[in-house]
Amino acid sequence: MGFTLEVKKPNLIVHFYGELDHHITEKARLSIDQKYLENDIKNIILDLSQLTLMDSSGIGLIMGRYKNVISKNGKIALISSNVYIDRLIKMSGLLKIINVYSNVDQAITNLER
Amino acid sequence: MDKNYMKLEFLSRSNNESFARVVVAAFASQLDPTLEELSDIKTAVSEAVTNAIIHGYEYGEGTVILEATIEDNVIEIVVIDKGKGIGDIKQAMEPFYTSKPDLERSGMGFTVMETFMDDLQVESEKDVGTKVIMRKKINRSIDKE
Ligand SMILES: Nc1ncnc2c1ncn2[C@@H]1O[C@H](COP(=O)(O)OP(=O)(O)O)[C@@H](O)[C@H]1O
Ligand SMILES: [Mg+2]
Numbered sequence: 223m224g225f226t227l228e229v230k231k232p233n234l235i236v237h238f239y240g241e242l243d244h245h246i247t248e249k250a251r252l253s254i255d256q257k258y259l260e261n262d263i264k265n266i267i268l269d270l271s272q273l274t275l276m277d278s279s280g281i282g283l284i285m286g287r288y289k290n291v292i293s294k295n296g297k298i299a300l301i302s303s304n305v306y307i308d309r310l311i312k313m314s315g316l317l318k319i320i321n322v323y324s325n326v327d328q329a330i331t332n333l334e335r
Numbered sequence: 019m020d021k022n023y024m025k026l027e028f029l030s031r032s033n034n035e036s037f038a039r040v041v042v043a044a045f046a047s048q049l050d051p052t053l054e055e056l057s058d059i060k061t062a063v064s065e066a067v068t069n070a071i072i073h074g075y076e077y078g079e080g081t082v083i084l085e086a087t088i089e090d091n092v093i094e095i096v097v098i099d100k101g102k103g104i105g106d107i108k109q110a111m112e113p114f115y116t117s118k119p120d121l122e123r124s125g126m127g128f129t130v131m132e133t134f135m136d137d138l139q140v141e142s143e144k145d146v147g148t149k150v151i152m153r154k155k156i157n158r159s160i161d162k163e
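Chains as they are written, first to last, in my numbering: chain L, 223 to 335; chain D, 19 to 163.
Derived from the structure by calculation, the hints contain no laboratory data.
One should not assume that every hint holds.
To be verified - With a cut-off of at most 27 Å between alpha-carbon atoms, the simulated DSSO-like pairs for lysine-lysine come out as follows:
#	chain 1	residue 1	chain 2	residue 2
1	D	Lys21	L	Lys294
2	D	Lys108	L	Lys312
3	L	Lys289	D	Lys118
4	D	Lys144	D	Lys108
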């Protein structure tokens with residue numbers, strides 16, 4: 223499938239697997255946005271740590287979710303440990319507005335602050 | 019390894035994006051690329067093929083042509099669509115420019131191709147189609163000579 227959703231209120235955690243391209247982002251966007259409508263969800267954690275590849279469609283997906291959480295006063299956090307994906311995230315300028323953590327627990331702790 | 023060539027045609031469906039990446043990766047493996055080089059090539063191919071599908075054919079049905087040539091330690095990859103074409107190539111290649119922000123495009127596709135490959139050329143004509151040519155030198159194969 224490419225991704226799974228996990229709810230740990232007020233956080234929606236999306237775990238991605240394998241390769242995140244345009245084909246997967248189109249599906250992921252719909253599922254994430256639908257889940258995000260549920261009560262008491264504010265933040266989105268995008269777990270990219272199990273990805274082996276991501277192209278610029280993934281950047282578009284992150285930017286789009288960023289806009290959504292802003293309107294609900296929430297935050298986005300990224301989990302990444304892959305150098306190739308980090309390079310793309312760096313290129314995109316996303317690091318100026320979104321924090322990257324090395325695991326989900328660390329992200330949750332920081333989002334609580 | 020002196021010269022080798024492959025050509026593949028497939029329908030402009032988004033599930034063929036991963037297919038195209040796998041094919042090019044398998045073909046490139048004869049140059050014994052590093053994991054980083056392979057990741058660069060796959061990502062660049064993903065960008066070019068995605069563009070053919072969403073911008074060239076705008077999700078309609080069309081044929082995407084993928085060619086790859088290996089000459090010595092250089093791989094050249096060509097992605098062709100006979101779709102909409104690009105009116106202003108210079109603008110299209112600018113970082114963060116996208117004609118489809120509503121589809122959550124980041125406008126980074128050409129920048130990724132340029133950064134991850136050594137060389138990028140774009141040829142396009144409105145209503146005729148687009149041809150993207152990318153080259154990358156695989157360094158490790160020099161040591162094996
Ligand atoms: N194969 C193509 N056919 C027609 N237009 C294209 C093609 N590839 C790219 N373009 C144009 O160039 C722009 C920039 O492409 P790119 O850098 O990949 O960003 P994105 O795909 O995120 O829009 C696209 O928005 C589109 O207008
Ligand atoms: Mg693109």
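Each hint tested on the structure:
1. A C-alpha spacing of about 56 Å is found between Lys21(D) and Lys294(L), which places the hinted pair above 27 Å, so the restraint is violated.
2. Distance restraint check for Lys108(D) and Lys312(L): the Cα-Cα separation of roughly 24 Å lies within the 27 Å cut-off, and the hinted pair is therefore satisfied.
3. Between the alpha carbons of Lys289(L) and Lys118(D) the distance comes to roughly 16 Å, so the proposed pair stays at or under 27 Å and holds.
4. Taking the CA atoms of Lys144(D) and Lys108(D), the gap is near 14 Å; set against the 27 Å cutoff, the hint holds.
In this structure, only the earlier hint numbered 1 is contradicted, and the remaining ones agree with it.
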